[in-house]
Each structure stands twice: as C-alpha cells, then as structure tokens.
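*Asks:* Protein sequence lines, in the order shown, are assigned to chains A and B. Each residue of the first sequence is one higher than the last, beginning at 1 in our numbering. Each residue of the second sequence is one higher than the last, beginning at 1 in our numbering.
To be clear, the hints were calculated from the coordinates, so they are not data collected in a lab. It is possible that part of the hints are untrue.
Just so you know, same-sequence chains aren't split out, so a pair can sit in one copy or run between any two.
[Said to hold, decoys possible] The list that follows gives simulated cross-link-like pairs (lysine to aspartate or glutamate, EDC-like), each with its CA atoms no further than 16 Å apart:
#1 Lys198 x Glu279
#2 Lys342 x Asp25
#3 Lys342 x Glu197
#4 Lys198 x Glu126
#5 Lys305 x Asp258
#6 Lys268 x Asp337
#7 Lys11 x Glu274
#8 Lys11 x Glu233
#9 Lys11 x Glu226
Chain residues, written in single-letter form:
Protein chains: 2
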Amino acid sequence: MSGLWQDKLRKIDPYVPGEQAQIPDLVKLNANENPYPPSPRVAEVFRTFAVDGLRLYPNANATRLKTALAAHHGVSPTQVFVGNGSDDVLALTFQAFFCSEQPVLFPDITYSFYPVWCSLFRTPYETVPLNAQFRINPRDYDRPSGGVLLPNPNAPTGIAENRAFLEDILAHNQDCVVIIDEAYVDFGAWSCVPLLEKYDNLLIVQTFSKSRSLAGLRIGVALGSETLIRTLEAVKNSYNSYTMDALTIEAGAASVEDDSYFRATCRKVMDTRERCAREFEALGFSVCPSSANFLFVTHPTARAKDIFLAMRARNLFIRYFDLPRIDNYLRITVGTDDEMDKLLTALREYLAQANV
Amino acid sequence: MSGLWQDKLRKIDPYVPGEQAQIPDLVKLNANENPYPPSPRVAEVFRTFAVDGLRLYPNANATRLKTALAAHHGVSPTQVFVGNGSDDVLALTFQAFFCSEQPVLFPDITYSFYPVWCSLFRTPYETVPLNAQFRINPRDYDRPSGGVLLPNPNAPTGIAENRAFLEDILAHNQDCVVIIDEAYVDFGAWSCVPLLEKYDNLLIVQTFSKSRSLAGLRIGVALGSETLIRTLEAVKNSYNSYTMDALTIEAGAASVEDDSYFRATCRKVMDTRERCAREFEALGFSVCPSSANFLFVTHPTARAKDIFLAMRARNLFIRYFDLPRIDNYLRITVGTDDEMDKLLTALREYLAQANV
C-alpha cells in the first residue's frame, strides 16, 4: 500500500526567475533590479527599529504603509492593498477576481508568471497575440471574458500605452475585473491611478522591487475600488493573516515618504536608458521604445543567444528568453552608467570580432 | 451591463486572528505571543544589515536560513522548507499535498484556520471529534483519507501526545501525507522530527512566532522527506518566487544559531506555566495539561465569557472562543511572572466579588 500518498501530491511546473549568481565583479543586468540603493530613510528604519517588539504579531492591516501609499497616490487607505511582493498580490488577485468559467485574457508575450498562476489555480485563460511591433490591439479584448490582465509597460518589451488607449480597453470591459500590472510604470509610463475614480472594476498592481530599490524586502501594492480591495483582503485573510512583517511595514512607509529621492532615482535610470538606447542603435540593434528600466533589443545579424552566452562568459549577465517570437531578443536591465559602458564596450568588441 | 464583474469575485469568510489592540498598559495574553524579546543576535543583524543590498532580489532558496535549521534539527537542507509564517507554509501544504477527492481529516477542536484553507482551496474535509477530555482517539484515523492534519500540542487545548501515540497514527496512515503542526512543540512536547527518517509521508510544520519571539518577522518552517519538500517548493515557486525577504533570512538564521538563549526562554515560559497552572487550580479552575505557551481553563461556576469580559474591562486580554464544546473555556497565554500575577490578582478579586 505504501507509495499511494505520492499520487495525492500536486504536479506543477513552477515559474523560473532570473539567475541569482554569486560571482564577484558580476555586472548583473538580468533581473530588472535598480542599480541605486533604497532611500537613506530605509536604512534609518533598520538602525532605529525596536527589535524587542518583534515578539508581537505585526499590524495585520499594515495601516502605516497603506496610509503612506494612500497619501502618495491621492486615494483612500481603504483603496490600498499590500502584499509580500507583487507576485503575492497577483497570486491573490487570481484567486479573488478570476472566479468565472470564462477565460482570462492577457497578451501572448508578457510576464511569464501569468500562465503559471492560471495553472496553479486552474484558471481558464487565452493569450491574445501582440502585433508584429509587439503592440496590443484593443479590439482583440472586445469580447466576454473572465478578466483582463495587461502589464503597462509590458514586459519584456518595455512598451507602454497611453491614457486614451488604456481607457478605451477599460470602457469596453465593464463585465469583468481589469488588472493593469504597473510593475515598471514609474520609469516614465502613464499610470492608470487617475482612472480609479471612474472605474470600480479596475485594479492596479505596483511593486517596490524596481523603482523603489527594495526587491530584497518584498512589497507589492494593489489599488482599486473599496469593493475590490475588500474582496482581496478577504482572500488574503483566508490565506495568511500576516503577510507583511513589522520591519517591512515601517521601511516601506519610509520609502514612500521620501518622494524626492524616489523621483531622482527614477530620473537617473531613465536618463541612462535613453542614452544607452541610442548607443545600442549605433551598434546596429533595433531597440523597442521603452518606458521601463530595461531595453528589449535585437540585432539584424548577431544571434541573441550567442550574444547572451558571450556576455555571460565575461560576467555580464543579461536576460535571454528561449520563447516563441522573442527568441532572437535580449532584455537588458538599465544599470549604472558605468555598468552600461562595460556592457557596451563588450558588445562593441564582440560584434567586431564575431564577423556577423 | 455594468455590475456583472461583481459576480466574478470570490465570496469567502476569512479567518479572524486575535485582537491587536493599541492600549497603553495592556496585558496582552490573547495571541500566544512570547513575553520575552528575540535573541540579542537578531537585534545585531538589524544594526549591521547591508541595507543598500535590498535593491537586489533575496536568495529565492533562503539557503542561509535552511542551512541553520538543518543543522539545528539534524536533517539535510533539502529536507527544509521556509515560508512567510507557518500560515503561509500551511496554505502551501494544502495546495501541495491535499490533491485527492477524499476528505482531509483533522480534529473538531483545533486551529480554526484549517477549515478556512479547506474553503479557500475547495479541499474536501471531515472533522474528527476529540473525546470528552479533548484527546485524540488514534483509531478514528484508521481509514482512507485525503490527508491527516494534527497539531501537537493541539490548540487551543495545549494537550500534547507522546511518541508512541503519534507513531501509531503514522503507521496506520501510509497512503496519504500526514502533517503534524508543531507550532507550540518547543514548550515541552515531543517533536516528531526523529520520525522523519522512517516516514517519507510525514511533514512537520513549525514557526518562529512563539518559541523564538519573532511573530513580527513572519517565519514558518516545514521539515519532511526530499519528495515532500521538492513538491512544496514547486508549489511555492508557482505562487511567489521570493517569499522570504533578505533581512528575515539573516535574522532567522541568527535566532536559530543562538540555541542557549532559545532554550532558556522556553524554560522560563514553562516554569511560569507550571506555577500558574497550580494557581489557577487553587482558584477553582480546571486546567488542561499544557505542553504549550498557554493554558486552557474552565471554571465550575463562573462563566468563561463573563470572566473574559471582566478581564477585558481591566485591560487584561485573554482569548475566548464562542464555539461548540469550548464556549465555557478560556485560553490564557503564558506571559511574564509579573503579567500572570496581575491576571491572577484580578481573577481572585473577580471570583470573590462575583459571588459565583
């Protein structure tokens, strides 16, 4: 009889994140991390934190962090949800909002965790092909669905759409929850936050991992109508009452309150991105128009996978996806100017020697 | 057409945790928190932590914490899983191991989050009544099931069973995963860790929230065979790649490495518990034999709910459950000797005045 227990285990293929190599002198441009440290106010929270208080459970509502975020976005704290990274928030939204028999819709080229959550929660879904320029056709979403999930800017392309474009999709999708995943929005894209006043079925997801340099601390955010946030809280409190630890609540709030540091850091990343986009073009690359902290590029003669491996051999880590339609592209995180210059020099040398 | 989106939302009744009141001079004995601070080594981690490194994602495998736990328990790091509190770990185990059509079995009186997870994940389940003394009858579990879930010590009774008793249940349940929830095991109960060598279908869940005074930091643990841990990792990596933040990994490891502080703190709580059990008995209470950091008590004449409300009015918070079979019981967390003396004095006064 022994062994039957193994038949009761879940079989699933998990998401595979970007490699976290432990190599000295590594130039790490493969996980869309911010090259600049978090606000100095975060370090101050660590130094002054009342560690003895950790014997108590944290505030289950993470009120201090929600209040700071509500003030930042000009919404009510009851319109704010926080979770253990935006992946936790998105996993909860799948359970909270995609509860019909109709398929959820998202682009064929997008964050590769979306189909994994569909598999985990057995959520029916259909992918909608982007056009040849990796753009969304809003009319493809004019049909009944279990929900719409769009990243803006999209990943791994970095392409963002404007207000009129996004509101058009929302206006045509009033019978399901529409989630806009704004993980990269702070690097120059238009945020849907102003649309919250008008659309009760709109949920916006953001993260502290990119623009706030806090990937290591795990903070994700959702903004939406009170109905959506209340539903999300009920599901979260049916999963884990205390997802946010006491330090994270304080450090996250300190980050939000330092708006000038936040803006200056995003500006530096955007400036480097624009300069490097021109430099990649000078090397012959085609560069997707990016509103994110990464560039999605392809070369007319040098193969993406070969470039990826050649750079990896020089401890320059960038991201290559062996996936349909994008298997000749590279996703390059925007690092410091110095890191980008190292990569550009190596690319210049490689392209000269490779005789491509 | 507007409003149809609301039909696609999840309807669910969440778990309700113990009240986290913000009152000065509160004696808080309602959430089984530890009255003593975490190890001084945890504070040291906060003071010396390299905050700038938070711009990077944490180690997705939480290797440093797993290695410390493996050494502590005498198992391989591949037999260790960590999560965002033991509620996160338990939520993942439901998704990973309870994947058949047969009902999962757990006691009728136990941690009230279990049926909430069953509801969230639509896991079939049956509760098995404890006997009149709140003890498990092992023979009740001698039948095909989707899984067995037993807390040891049980909550809210505090009653623990011994090695022979637990191994008997395991030996009779070789066709499903058996989970022993050891949230309170460090306060004098026998841990099932030595049984891991013999039973590949045994999963043990522990927490840093009670015996390690780190409720505020959110660390849960699972120990089991490599097959079980691999399955749990696959489900976790299909839900959220990075559940453990960088600070928590380091602080958790520092706590595990300070074994003498850990043992001394548990010993203090147990000493206070034993003294207070006798004091409660002297006041006329019946006290369940506790191997946890709380006492489950009932009085022959004074009603539990009345006592609860009278103590609450004096800023002495204890826990009352308005649930079948236990609605005349109180769960009292073991605090410092000083806190317990305040409660005992108030109880003595109340019982004298109440004329019960």
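*Asks:* Is it within, between, both or neither when you check Lys198 against Glu126 at 16 Å Cα-Cα?
*Replies:* neither (27 Å within a copy, 45 Å between copies)
*Asks:* My question is about Lys11 and Glu233: at a cut-off of 16 Å on alpha-carbon distance, are they close within one copy, between copies, both, or neither?
*Replies:* Answer is between: at 11 Å across copies they meet the 16 Å cutoff, but 28 Å inside does not.
*Asks:* Within a copy, between copies, both or neither: which one fits Lys11 and Glu274 at a CA-CA cutoff of 16 Å?
*Replies:* neither (44 Å within a copy, 46 Å between copies)
*Asks:* Please work out whether the CA atoms of Lys11 and Glu226 approach to 16 Å or closer within one copy, between two copies, in both situations, or in neither?
*Replies:* between (36 Å within a copy, 15 Å between copies)
*Asks:* Checking an output row: Lys305 and Asp258, CA cutoff 16 Å. Within, between, both or neither?
*Replies:* neither (40 Å within a copy, 47 Å between copies)
*Asks:* Is the C-alpha distance from Lys342 to Asp25 at most 16 Å within one copy, between copies, in both cases, or in neither?
*Replies:* Within one copy only: 11 Å inside, 59 Å across.
*Asks:* At most 16 Å between C-alpha atoms: does Lys268 with Asp337 qualify within a copy, between copies, both, or neither?
*Replies:* within (9 Å within a copy, 56 Å between copies)
*Asks:* Between copies, within a copy, both or neither: which fits Lys342 and Glu197 at Cα up to 16 Å?
*Replies:* neither (46 Å within a copy, 51 Å between copies)
*Asks:* Indicate which option fits the pair Lys198, Glu279 if close means a Cα-Cα distance not exceeding 16 Å: within, between, both or neither.
*Replies:* So Lys198 and Glu279 fail the 16 Å test inside a copy (42 Å) and across (61 Å) alike.
Violated hints for the displayed structure, listed by number in ascending order: 1, 3, 4, 5 and 7.
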